[in-house]
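What follows is the residue order along each chain.
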Amino acid sequence: MSFPTLAVMVLLPTLAALVVALVPKRRPELVYPLSLTLSFLPLAMVGYVLWEFEVGAPGYQFTQQVLWFEPLGISWNVGVDGISLLLLVLTAILFPLSIAASKSVAKNQKMYMVAMLLLETGMLGVFVALDLLLFFAFFEITLVPMYLLIGIWGSGNRVYAALKFVLYTALGSALMLTGIIWLGAITGTFDFTQILDATITPTQQAWLFLGFGIAFAVKVPIFPFHTWLPDAHTEAPTAGSVLLAGVLLKLGTYGFIRFNLTLFPDAAVRFAPWLASLAVIGIIYGAAVAIVQPDVKRLVAYSSVSHLGFIILGIFAMTSQGITGGVIQMVNHGLSTGALFLLVGMIYERRHTRLIADYGGIAKVMPVFAGLFLFSVFASAGLPGLNGFIGEFKILLGSYLRFPVAAVVAAGGVILAAVYLLWAYERVFTGPIVHKENSKLIDLDRREILIIAPLVALIVFLGVYPKPALDRIEPAVEEVLERIEQATDYTVPEFGTPEDLANVGGGQ
Amino acid sequence: MENIAFLPIAPEIAALAGAVIVLMSAAALGQERREWGVAGAVALLVAVALSVLQWLRLDSLESARELAFSARGVTSAVQNPMVVMDRFSAVVGVAVYLVAFLALVGNWRLVETLSERGAEYLALVLLSAAGLHMMVISSNLVLLFMGLETASIALYVIAGFTRTERNSDESALKYFLLGSFASAIFIYGVALVYAGTGSISIYGSAGIRQFFSTQPVAVLDVGILLTGIALIIVGLAFKVTAAPFHQWAPDVYQGAASGSVSLMAAGVKVAAVGALIRLLMGAFGTRIDDWAPLLAILAAASVVIGTIGAIGQRDLKRMLAYSGVAHAGFMLTAFVAGGVAIPSILFYLFTYVIALVGAFTITGIVSGVGSGSSAFDDYKGLNERSPWVAGTLAVFMLGLGGIPFFSGFVGKFAVFTQAISVGYLWLVIVALVASIAGLFFYLRVVVLMYFEDSALAEAPGTATAAPRMTGGSGSVVLGTAALTILLGVVPWPLLNLLRFVL
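So the protein lines, in turn, are chains A and B.
The first sequence maps to residues 1248 to 1755 in this note's numbering.
The second sequence maps to residues 296 to 797 in this note's numbering.
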């Protein structure tokens, strides 16, 4: 048996959590450096997977299957394809940064770090699981540490936000679990690759699509299931918001591609117009609500609703460009929104307010902060040359092929994004300093700049040279689309060749 | 003498002998001695060991294993056997006596505080444990009823044991009145079944099982038989706290001393579910199409009523009582699949009582073993006062809530798979939605312990400032918490073992 790379990768954070938990009570100063150091181990493992990953090879790599419990048909069945690979990288990068940003957590820092590291195991596990029950187990277990992170270390209305978050997402997953068990009863297995070969009637597909779909729709969140998100994002501690927006929401979009499109192609084709419509509503609604938010964090939260709408639109356009754009946009959103939440957290630590009205003109006292913030705003708004542009462009291109009206309306969302982001920037950073507390603000120190720097580098890298990422995503996306074409009478609309489109997207 | 096989009733003999020895020697040597507690615990351990021995002996008795739930072994050749010994009774015996043992050791302080009545209490615990197991080993319905009554009467007394607490009196009286009512219903059902089949024995060549498999359908006196089966189910539903026969549980649990509730809640549940399996799958297995819809309705009602009831509670013991109603419902969902579901039901049952015993032990630690209520206020900010107590209670809550990688998730998955395999999709959807709603009240306990500040400063109650685990309660709590996690991550040893019951 080959080296269980993925198992080690998934379990490393749990081991790290155990090590951190063993730090004696009288040495609290050890917790932060130890957690930070240990959080680089999973990153190293993911780096190794990224390095060894064979570009363009069909199917899953690093697969490992160990029968966990035979009578119930549960197995430890993991593997990586181009889609999950990028999300693994995103997860592994965001965790050390979030931990680094949590240096000033005062209340029970040890438990905080343990929760963070356990959360990482759950998130890495979701992206590699190829057994439906294993997937569900990881999907569900992420709730517990996130619940604690929001509930214990959150601000203001944290208990309400934490409970709302858990109950919304858990209710969705109850339907998914019913679907998984039913699917197991129909096909006789929980093995993802075996279910691919099983026949599921269109009626069954429709119900299963709904069962899985509602769970993922809550997670993404798709309008109208989004109401938990602004509360959870706003009340969560900085690292919690970063990971919620950066990774946790992607569990939903990833689930849509991996399960809803792949396992239930017939139902996916049937429901695609509905989901695309909801996505467009989400794009416009999220952006419109973001414009009027007085609270910076809430503004970024609603911008996530809008951005995730783009991803869903791309996925359910069911074109090569659309899905590829959706996947790359998952990564982009994680990077740019992650950076925004980190920056908001840094200013919150200084002033303990998130209200836009309490700021104004602080670019004068915090030039570095202002520059990094503007940069992240541009990335989030999809400025050409930065990462967001590639994703949104591909999504709009791909969705235009299938749903031209939706694509045109969604393009309006891009403009709205520029409105709410730049207007917020203007009110916070430009003009004279109105409140005199702001005149004494200290600019970012070296640690804080180092936290943002990797994100800036990746944003630029993916904006200028997205080819390495796209090369890995596209074969996986093609496999999904081929499967849909085989299983249904749906043909993927295309214009030009994929190479042309890659070039349009700012590649070589 | 050589015709009598003692092994099938050996665990009962051990427990009853323990009760007699403790009572007699206490009368001779004085009540206030810790040795009686040790003697009781040892008697229960011996009973556990004898149950294990039964299992091992059965392994060597048989070589072939057929996929049907039938009693085999020493009694199978008899015409009207009184007791059966099969792997099912053996494994339930291990569970019953182990729960009684953990309930005793985990609440050792109760035995100490009762001082002059400690021996009586111990005798009652041993007596009820023996009665509970008797419900599962009986092949004769009247003997089963006697086991039920032995256990119940001992438990009525235990419920009222702390005479100084007013709630305790209420608890005992309520338990007694409603319990007797349920017993009457049960025995009426037995009488009707006897009228319909001409037998009060489950197994044996003249037993009910044989009757159902040999008689043509037309001969069966359907009206009387079905009424009898329904009444038997109702009588046992009372004991497993299935809705709508559950109302006694919250008041009784809250009134009785915290230290004695583990046995009352967990022990009774094990035996009652065991008896229900024995009767429905063993005696009436061929009539599954008649009773399965009834069970499905009971299950759905239990999960919904239990969950809704638990949401409003402000006392951990009452909350656990209502959650127990929901858990009874979860177990009942798998009954509709018939005999093949037994390992799944037993797995759920065992993981549930493990977490339940742990949680009730913690109510004893936090609110005092002799105290009746265990208000949520006692748990506010518990993490800062006693992180270990809070941490283990959080594990039990997550386990009962069915979070993945905790035992409850595997159990739920196992029973729901059974129900879906026979087409009860609606039942599983109802149960799953209820189980998610259930997260609300399990997580609220976590909220209290971790998110809120201690309320003790404003309202000093019965709770101690910083609850400490003692040697006994600590080992029970840590052991059950470890099992709750372990059985969630590596469930297959137990699941595989339970499959031998079939």
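Calculated directly from the structure, the hints in this document are not laboratory data.
Check before you lean on any hint, since a few could be wrong.
[As the list claims (entries may be wrong)] Simulated DEER-style distance windows between Cβ atoms: (1) B:I592 <-> A:P1520: 32 to 42 Å; (2) B:L348 <-> A:L1314: 25 to 35 Å; (3) A:G1403 <-> B:L773: 30 to 40 Å; (4) B:L773 <-> A:A1604: 51 to 61 Å; (5) A:I1433 <-> B:L340: 40 to 50 Å; (6) B:L340 <-> A:Y1595: 50 to 60 Å; (7) B:W787 <-> A:E1726: 26 to 36 Å; (8) B:G766 <-> A:E1726: 53 to 63 Å; (9) A:T1446 <-> B:G607: 23 to 33 Å; (10) A:R1730 <-> B:L340: 35 to 45 Å; (11) A:V1266 <-> B:L340: 49 to 59 Å; (12) B:I603 <-> A:Y1712: 51 to 61 Å.
[To be verified] Counterexamples of contact, computed for chain A against chain B with all Cβ distances above 10 Å: (13) A1254; (14) L1269; (15) R1405; (16) L1418; (17) T1425; (18) T1450; (19) S1524; (20) I1528; (21) Y1532; (22) D1542; (23) V1656; (24) V1661; (25) I1731; (26) V1739.
We put the CB at the ideal spot given by N, CA and C, even for glycine.
Taking the hints in turn, this is what the structure says about them:
no.	hint	in the structure
1	B:I592 <-> A:P1520: 32 to 42 Å	40 Å, holds
2	B:L348 <-> A:L1314: 25 to 35 Å	32 Å, holds
3	A:G1403 <-> B:L773: 30 to 40 Å	36 Å, holds
4	B:L773 <-> A:A1604: 51 to 61 Å	52 Å, holds
5	A:I1433 <-> B:L340: 40 to 50 Å	47 Å, holds
6	B:L340 <-> A:Y1595: 50 to 60 Å	58 Å, holds
7	B:W787 <-> A:E1726: 26 to 36 Å	33 Å, holds
8	B:G766 <-> A:E1726: 53 to 63 Å	59 Å, holds
9	A:T1446 <-> B:G607: 23 to 33 Å	47 Å, violated
10	A:R1730 <-> B:L340: 35 to 45 Å	59 Å, violated
11	A:V1266 <-> B:L340: 49 to 59 Å	37 Å, violated
12	B:I603 <-> A:Y1712: 51 to 61 Å	57 Å, holds
13	A1254	13 Å, holds
14	L1269	14 Å, holds
15	R1405	7 Å, violated
16	L1418	5 Å, violated
17	T1425	5 Å, violated
18	T1450	13 Å, holds
19	S1524	27 Å, holds
20	I1528	26 Å, holds
21	Y1532	27 Å, holds
22	D1542	22 Å, holds
23	V1656	35 Å, holds
24	V1661	37 Å, holds
25	I1731	27 Å, holds
26	V1739	34 Å, holds
Comparing the model with each earlier hint shows violations of hints 9, 10, 11, 15, 16 and 17; every other hint is respected.
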